[in-house]
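Protein chains in written order, with my numbering: chain A, 1 to 537; chain B, 1 to 354.
Be a bit skeptical, because a hint or two may be false.
As the list claims (entries may be wrong) - Anything over 12 Å on all C-beta distances counts as not near chain B; from chain A, calculated:
hint, residue
1, ASP46
2, ASP70
3, PRO71
4, SER135
5, LYS184
6, MET187
7, TRP199
8, GLU246
9, ARG251
10, LYS304
11, ILE401
12, GLY423
13, PHE455
14, SER461
15, THR484
16, ASP495
What the hints assert, rightly or not - Quick list of in silico lysine to any residue cross-link-like pairs, SDA-like style, CA-CA up to 25 Å:
hint, chain 1, residue 1, chain 2, residue 2
17, A, LYS191, B, TRP180
18, B, LYS220, A, ARG216
19, A, LYS124, B, GLU213
20, A, LYS451, B, THR223
21, B, LYS196, A, ARG225
22, A, LYS134, A, TRP85
23, A, LYS370, A, ASP415
24, A, LYS124, B, HIS104
25, A, LYS451, B, LYS220
26, A, LYS191, B, LYS220
27, A, LYS134, B, LEU194
28, A, LYS191, B, TYR87
29, A, LYS27, B, GLU213
30, B, LYS196, A, LYS370
31, A, LYS235, B, ASP192
32, A, LYS27, B, TYR345
33, A, LYS191, B, LEU92
34, A, LYS191, B, ASP192
35, A, LYS191, B, LEU194
36, A, LYS191, B, GLY94
37, A, LYS235, B, LEU194
Worth flagging that the hints you see were computed from the coordinates, not collected in a lab. Note that the coordinates shown come from a computational prediction; the quantities given were computed from them, not determined experimentally. Quick reminder that beta carbons are idealized off the backbone N, C-alpha and C, glycines included.
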Amino acid sequence: MQTPRSLRAVALAVALSAAAAVPGHAKTPNDQLVIGVSMNNLLSLDPAAATGNDVVEIACNVYDYLVEVDPLDTTKLLPGLAQSWKIAPDGRSISFTLRSGVKFHSGHLLTAEDAAWSFRRVLKLNLAMASPWKSYGFTAQNVEQAIRATDATTLVIDLPQATDPKMVLYTLGTSVSAVVLDRKKVMENEKSGDMGAAWLTTHAAGSGPFVLDEWRAKEVLMMSRFDGYWRAPPKLRRVVMRHMTESQSLRLMLGRGDIDVATGMSVPDIEAMKSAPDTEVHSVKRGTLYYVAVSAKDPKFADKRVRQAILRHLIDFDGINTSVMPYYGVYHQRPVPLGLAATLPEPGYKLDVAAAKKLLADAGMAAGFKTTIRVVAESPFTNIATNLQSTLAKAGIEASILPGTGNQVYGAMRDRNFEIIVGRGGGGAEPHPHSSLRALVYNPDNSDAAKLSNFQGWRTSYFDPKLNQLIESGLLQTDEKKQTQAYADVQRAFDADVPAIQPISQMVDTVVLRKDVRNYVGHPSATTRLREVFKQR
Amino acid sequence: MSATSISAPLPRRPGLRARQIRLLGQRLFSVLLTLLGLLLLTFMIGRVMPLDPVLSIVGPDADRSTYEQVYRQLGLDRPLVVQFGYYLRDLLHGDFGNALLTGHPVTEDLARVLPATIELATLAIIVGTLLGVPLGVFAATQRGRIGDHAVRLVSLLGHSTPIFWFGMMGLLVFYAWLGWAGGAGRVDLAYDGLVKPMTGFLLLDSALAGEWEVLGSALKHVTLPACILGLHSMAYISRMTRSFMLSQLSQEYILTARVKGLPERTVIWRHAFRNILVQLLTIVALAYGGLLEGAVLIETVFGWPGFGQYLTSSLLLGDMNAVMGSVLVVGVVFVALNLLSDALYQVFDPRTRQ
Numbered sequence: 001m002q003t004p005r006s007l008r009a010v011a012l013a014v015a016l017s018a019a020a021a022v023p024g025h026a027k028t029p030n031d032q033l034v035i036g037v038s039m040n041n042l043l044s045l046d047p048a049a050a051t052g053n054d055v056v057e058i059a060c061n062v063y064d065y066l067v068e069v070d071p072l073d074t075t076k077l078l079p080g081l082a083q084s085w086k087i088a089p090d091g092r093s094i095s096f097t098l099r100s101g102v103k104f105h106s107g108h109l110l111t112a113e114d115a116a117w118s119f120r121r122v123l124k125l126n127l128a129m130a131s132p133w134k135s136y137g138f139t140a141q142n143v144e145q146a147i148r149a150t151d152a153t154t155l156v157i158d159l160p161q162a163t164d165p166k167m168v169l170y171t172l173g174t175s176v177s178a179v180v181l182d183r184k185k186v187m188e189n190e191k192s193g194d195m196g197a198a199w200l201t202t203h204a205a206g207s208g209p210f211v212l213d214e215w216r217a218k219e220v221l222m223m224s225r226f227d228g229y230w231r232a233p234p235k236l237r238r239v240v241m242r243h244m245t246e247s248q249s250l251r252l253m254l255g256r257g258d259i260d261v262a263t264g265m266s267v268p269d270i271e272a273m274k275s276a277p278d279t280e281v282h283s284v285k286r287g288t289l290y291y292v293a294v295s296a297k298d299p300k301f302a303d304k305r306v307r308q309a310i311l312r313h314l315i316d317f318d319g320i321n322t323s324v325m326p327y328y329g330v331y332h333q334r335p336v337p338l339g340l341a342a343t344l345p346e347p348g349y350k351l352d353v354a355a356a357k358k359l360l361a362d363a364g365m366a367a368g369f370k371t372t373i374r375v376v377a378e379s380p381f382t383n384i385a386t387n388l389q390s391t392l393a394k395a396g397i398e399a400s401i402l403p404g405t406g407n408q409v410y411g412a413m414r415d416r417n418f419e420i421i422v423g424r425g426g427g428g429a430e431p432h433p434h435s436s437l438r439a440l441v442y443n444p445d446n447s448d449a450a451k452l453s454n455f456q457g458w459r460t461s462y463f464d465p466k467l468n469q470l471i472e473s474g475l476l477q478t479d480e481k482k483q484t485q486a487y488a489d490v491q492r493a494f495d496a497d498v499p500a501i502q503p504i505s506q507m508v509d510t511v512v513l514r515k516d517v518r519n520y521v522g523h524p525s526a527t528t529r530l531r532e533v534f535k536q537r
Numbered sequence: 001m002s003a004t005s006i007s008a009p010l011p012r013r014p015g016l017r018a019r020q021i022r023l024l025g026q027r028l029f030s031v032l033l034t035l036l037g038l039l040l041l042t043f044m045i046g047r048v049m050p051l052d053p054v055l056s057i058v059g060p061d062a063d064r065s066t067y068e069q070v071y072r073q074l075g076l077d078r079p080l081v082v083q084f085g086y087y088l089r090d091l092l093h094g095d096f097g098n099a100l101l102t103g104h105p106v107t108e109d110l111a112r113v114l115p116a117t118i119e120l121a122t123l124a125i126i127v128g129t130l131l132g133v134p135l136g137v138f139a140a141t142q143r144g145r146i147g148d149h150a151v152r153l154v155s156l157l158g159h160s161t162p163i164f165w166f167g168m169m170g171l172l173v174f175y176a177w178l179g180w181a182g183g184a185g186r187v188d189l190a191y192d193g194l195v196k197p198m199t200g201f202l203l204l205d206s207a208l209a210g211e212w213e214v215l216g217s218a219l220k221h222v223t224l225p226a227c228i229l230g231l232h233s234m235a236y237i238s239r240m241t242r243s244f245m246l247s248q249l250s251q252e253y254i255l256t257a258r259v260k261g262l263p264e265r266t267v268i269w270r271h272a273f274r275n276i277l278v279q280l281l282t283i284v285a286l287a288y289g290g291l292l293e294g295a296v297l298i299e300t301v302f303g304w305p306g307f308g309q310y311l312t313s314s315l316l317l318g319d320m321n322a323v324m325g326s327v328l329v330v331g332v333v334f335v336a337l338n339l340l341s342d343a344l345y346q347v348f349d350p351r352t353r354q
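Using the sequences and the accompanying hints, generate a full structural model.
Right, dumping it as structure tokens:
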């Protein structure tokens with residue numbers, strides 16, 4: 001029996017109003033961290049195939065990266081397995097010097113050949129996580145030559161096409177596909193030439209601070225301390241992630257001290273825990289953006305004036321960000337995430353029904369029209385969609401909402417089969433303007449046959465060669481100041497040309513922790529490392 | 001004629017065994033046909049559902065070549081009939097395929113999640129039956145009086161209140177406030193993995209292993225969700241029991257029994273109740289089947305890694321191997337419960353043996 005979420009929320013909000021007053025008992029052991037988390041999207045632990053942020057939070061604790069992105073200053077790269085790295089003067093090659101003496105959990109010695117093999121594997125398998133590498137020009141054919149170990153501690157990556165090597169370094173520091181695998185251990189478990197893909201779906205072969213003990217899908221994942229970790233053994237003996245989807249259950253368990261960290265809680269529950277004595281709320285901005293997009297393939301939205309009316313004047317940016325987005329996102333309207341040097345101040349688009357009506361009248365649509373809004377049936381997407389539906393109605397646009405699962409909604413978008421969509425995406429893992437621009441705006445070939453469904457620019461059928469060219473030249477600009485200027489130009493062009501996608505908010509990830517958990521630093525790229533976390537009681 | 005008066009053993013007739021074997025064959029054929037139809041229907045629904053299993057695997061941002069590669073790997077480029085044929089062929093070899101959700105063979109997953117739900121549902125149906133039957137009988141004997149109204153009210157509340165609400169309130173009171181019940185999961189994390197699964201039934205496995213602390217923890221975790229599910233079943237069972245009893249209590253043989261001066265307890269339990277046992281069995285069996293497949297909300301609230309959650313998640317992902325395997329299990333469970341209830345009919349109602 002399914003009951004409307006709203007009804008459930010109201011009933012439970014009333015019933016649980018006293019839950020914040022539940023006395024704490026601090027039941028989890030001192031040396032264990034218990035995290036309540038939804039594992040609904042965790043389908044594989046294979047770094048070549050795993051999608052979504054959930055797996056990144058596991059991978060960065062089980063595996064090591066060559067480099068790490070500083071969680072407190074994402075433009076700063078920190079050494080990981082690589083002690084140092086050097087970019088060739090022409091920007092077409094990066095050479096890494098790896099630490100010696102690092103051991104995998106199996107006891108095997110980690111060498112540069114393991115790193116080269118791990119990256120080649122991603123390209124050869126061509127699964128979900130091959131995408132960023134393919135965008136740099138790597139292929140299954142050229143990777144053998146392009147990524148190579150010249151000795152036990154030296155890894156050389158030759159870039160097949162001109163790009164900004166900083167962007168590649170950020171991918172190495174943030175993408176789950178950039179972890180280093182224990183080649184021997186994986187190949188011991190190879191079946192039918194799958195390079196260990198089936199085995200790695202549920203196992204791990206890393207050198208990180210924690211060893212994966214067990215993962216029972218949608219039940220529990222357990223990791224224990226790796227005493228031979230090259231930095232120093234982590235302070236926690238065990239980390240347990242328990243699959244929990246009900247926000248209210250998370251709240252009760254957090255209140256009782258049966259879990260230490262809760263993720264994915266609903267806004268009313270986060271609000272309640274904020275004022276509870278034993279818990280605190282941590283929010284971290286992610287590079288991902290919430291957006292409203294229209295299909296420029298649709299004759300109505302092919303007209304710039306109609307796009308401008310809807311995307312710039314009929315979205316209640318202030319209202320949505322004030323009433324719907326707390327703990328989900330923060331006000332942001334640029335296609336480049338907040339916090340980067342290149343990001344321009346907000347353009348200040350506001351709900352202006354009169355201006356929208358005028359633009360619609362100029363486009364010959366004064367009487368409005370009927371349309372549909374596709375939306376993932378969960379918060380905050382549905383709230384944004386209903387808000388948009390009401391503001392569109394003010395200009396005579398009658399929009400019906402088509403809710404669905406993420407699979408259905410983004411599937412339709414990938415098939416270019418939508419009119420308006422409320423969604424979330426846009427890369428943003430790498431703290432570089434190109435990460436978002438490539439995902440959201442760039443569209444090198446607008447033909448249906450191109451099927452560039454990984455680009456949201458293609459999905460929205462918006463094609464602007466000038467904008468493409470600006471994005472490309474920004475990436476290739478080697479002078480930092482000039483590059484910042486180039487990305488400012490891209491944002492101005494985005495402002496003037498009104499592409500078919502409009503960011504409304506930048507994603508925020510909120511976790512609630514018990515106050516005795518120390519050194520928990522949420523990472524903007526989801527690589528939240530637990531090696532320094534401990535409990536102070 | 002009173003049903004109690006026809007309980008004399010019937011003489012065995014010649015050719016009865018041959019007839020029984022033929023009937024058994026017919027029944028078996030009909031069961032297999034039902035299961036095949038169920039699979040075909042599920043397969044077709046799965047293929048026309050607007051859910052893309054490839055997208056579930058590769059994520060929304062995968063490029064074309066990756067998408068097409070995984071599409072082919074899943075065999076989705078083959079004609080539907082061929083896909084179904086391959087599925088049946090593998091099924092006959094005991095291979096349900098691998099689940100996208102877990103990466104494990106579906107049989108392994110089912111062996112893990114089914115015992116968790118069976119454990120919960122069995123305790124729940126015991127609670128529901130032990131409470132529901134006496135309450136229903138009591139209500140029938142008190143027809144129109146305050147006792148009857150009270151039972152009907154409890155039954156109405158139990159059946160119409162959303163089960164997740166009971167779950168949350170139960171957690172709030174018995175877990176958060178009183179600390180009597182365990183929280184989410186089948187056992188406290190400290191005991192997780194201590195008992196090696198033999199049957200998959202944690203209560204049984206921990207008892208067999210002599211891990212009494214684990215057993216205690218598992219009991220603490222299962223009691224609350226089982227009681228809440230049981231309360232829900234109790235509402236249904238008591239309502240049906242009342243209705244069956246009322247229909248029996250208005251029969252002439254009950255009047256005769258009372259006129260004969262039999263004690264009221266004998267009239268109720270030995271005469272009227274015995275005659276509703278057959279119907280009651282069907283109701284309890286169906287309620288049990290419903291609990292096995294429909295405990296998803298309570299499993300969600302209590303973080304219970306059971307069959308309901310598995311089936312629902314698989315469905316939302318378009319994970320057809322897991323869905324087909326789960327549907328087959330549900331089909332088999334219902335067929336088995338029907339067969340069991342038919343067999344018990346023969347035990348309790350001699351007329352069906354003719």
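Checked hints:
With a closest Cβ-Cβ approach of about 8 Å to chain B, ASP46 of chain A is found to fall inside the 12 Å limit, against its non-interface label. With a minimum CB-CB distance of about 25 Å to chain B, ASP70 of chain A clears the 12 Å threshold, and the non-interface call stands. At roughly 23 Å, the least C-beta separation between PRO71 of chain A and chain B is larger than 12 Å, which holds for a residue marked as non-interface. For SER135 of chain A, the non-interface assignment is contradicted: its Cβ lies about 9 Å from the closest Cβ of chain B, within the 12 Å cut-off.
Every C-beta of chain B lies more than 12 Å from that of LYS184 of chain A, the closest at about 22 Å, which supports listing it as non-interface. Residue placement check: MET187 of chain A keeps its beta carbon more than 12 Å from all beta carbons of chain B (closest about 19 Å). Remark: the non-interface label on TRP199 of chain A conflicts with the geometry, its nearest Cβ contact in chain B lying 9 Å away (cut-off 12 Å). Not every beta carbon of chain B lies more than 12 Å from that of GLU246 of chain A, the smallest distance being close to 5 Å; the non-interface claim is violated.
The beta carbon of ARG251 of chain A is not kept farther than 12 Å from every beta carbon of chain B, the shortest such distance being approximately 9 Å. No beta-carbon of chain B comes within 12 Å of the beta-carbon of LYS304 of chain A; the shortest separation is about 27 Å. Listed as a non-interface residue, ILE401 of chain A keeps its Cβ farther than 12 Å from every Cβ of chain B; the least gap is roughly 16 Å. The Cβ of GLY423 of chain A sits about 9 Å from the closest Cβ of chain B, inside the 12 Å cut-off, so the non-interface label is violated.
Non-interface call for PHE455 of chain A relative to chain B: violated, since the shortest CB-CB distance, roughly 9 Å, does not exceed 12 Å. No beta-carbon of chain B comes within 12 Å of the beta-carbon of SER461 of chain A; the shortest separation is about 16 Å. For THR484 of chain A, the shortest C-beta to C-beta distance to chain B comes to about 26 Å, beyond the 12 Å cut-off, and the non-interface label holds. The beta carbon of ASP495 of chain A sits about 25 Å from the closest Cβ of chain B, which is more than 12 Å, so the claim that it is off the interface holds.
With a C-alpha separation of about 48 Å, the suggested pair LYS191 of chain A and TRP180 of chain B falls outside the 25 Å cut-off, and the hint is violated. Distance hint between LYS220 of chain B and ARG216 of chain A is fulfilled; the C-alpha atoms sit about 22 Å from each other, no more than 25 Å. Note on LYS124 of chain A and GLU213 of chain B: the hinted pairing is violated, with a Cα-Cα distance of about 49 Å set against a maximum of 25 Å. Between LYS451 of chain A and THR223 of chain B the CA atoms are separated by roughly 53 Å; this puts the pair beyond 25 Å, and the hint is violated.
For a cut-off of 25 Å, the pair hint linking LYS196 of chain B to ARG225 of chain A stands: about 22 Å separates their Cα positions. Between the alpha carbons of LYS134 of chain A and TRP85 of chain A the distance comes to roughly 22 Å, so the proposed pair stays at or under 25 Å and holds. Of the pairs offered as hints, the one joining LYS370 of chain A and ASP415 of chain A holds, with about 21 Å between alpha carbons and a cut-off of 25 Å not exceeded. A distance of roughly 23 Å separates the Cα atoms of LYS124 of chain A and HIS104 of chain B; the hinted pair therefore holds under the 25 Å criterion.
Between the alpha carbons of LYS451 of chain A and LYS220 of chain B the distance comes to roughly 54 Å, so the proposed pair goes past 25 Å and is violated. About 42 Å separates the Cα atoms of LYS191 of chain A and LYS220 of chain B, which puts this hinted pair outside 25 Å; it is violated. At most 25 Å may separate the alpha-carbon atoms for a hinted pair to count; LYS134 of chain A and LEU194 of chain B exceed this at roughly 45 Å. Between LYS191 of chain A and TYR87 of chain B the CA atoms are separated by roughly 22 Å; this keeps the pair inside 25 Å, and the hint holds.
Between LYS27 of chain A and GLU213 of chain B the alpha-carbon distance is near 17 Å, which keeps this suggested pair within the 25 Å criterion. Using a Cα cut-off of 25 Å, the hinted pair LYS196 of chain B and LYS370 of chain A is violated, with the two alpha carbons roughly 60 Å apart. Only pairs whose Cα atoms come within 25 Å are accepted, and LYS235 of chain A paired with ASP192 of chain B is accepted, the gap being roughly 21 Å. Annotation: proposed proximity of LYS27 of chain A to TYR345 of chain B is violated, straight-line Cα distance about 51 Å (limit 25 Å).
Taking the CA atoms of LYS191 of chain A and LEU92 of chain B, the gap is about 23 Å. The hint holds against a cut of 25 Å. As the CA atoms of LYS191 of chain A and ASP192 of chain B are separated by approximately 31 Å, the hinted pair breaks the 25 Å bound. The hinted pair formed by LYS191 of chain A and LEU194 of chain B fails the criterion: a straight-line CA distance of about 31 Å is larger than 25 Å. Proposed proximity of LYS191 of chain A and GLY94 of chain B is supported: the alpha carbons are some 20 Å apart, at most 25 Å.
For a cut-off of 25 Å, the pair hint linking LYS235 of chain A to LEU194 of chain B stands: about 23 Å separates their Cα positions.
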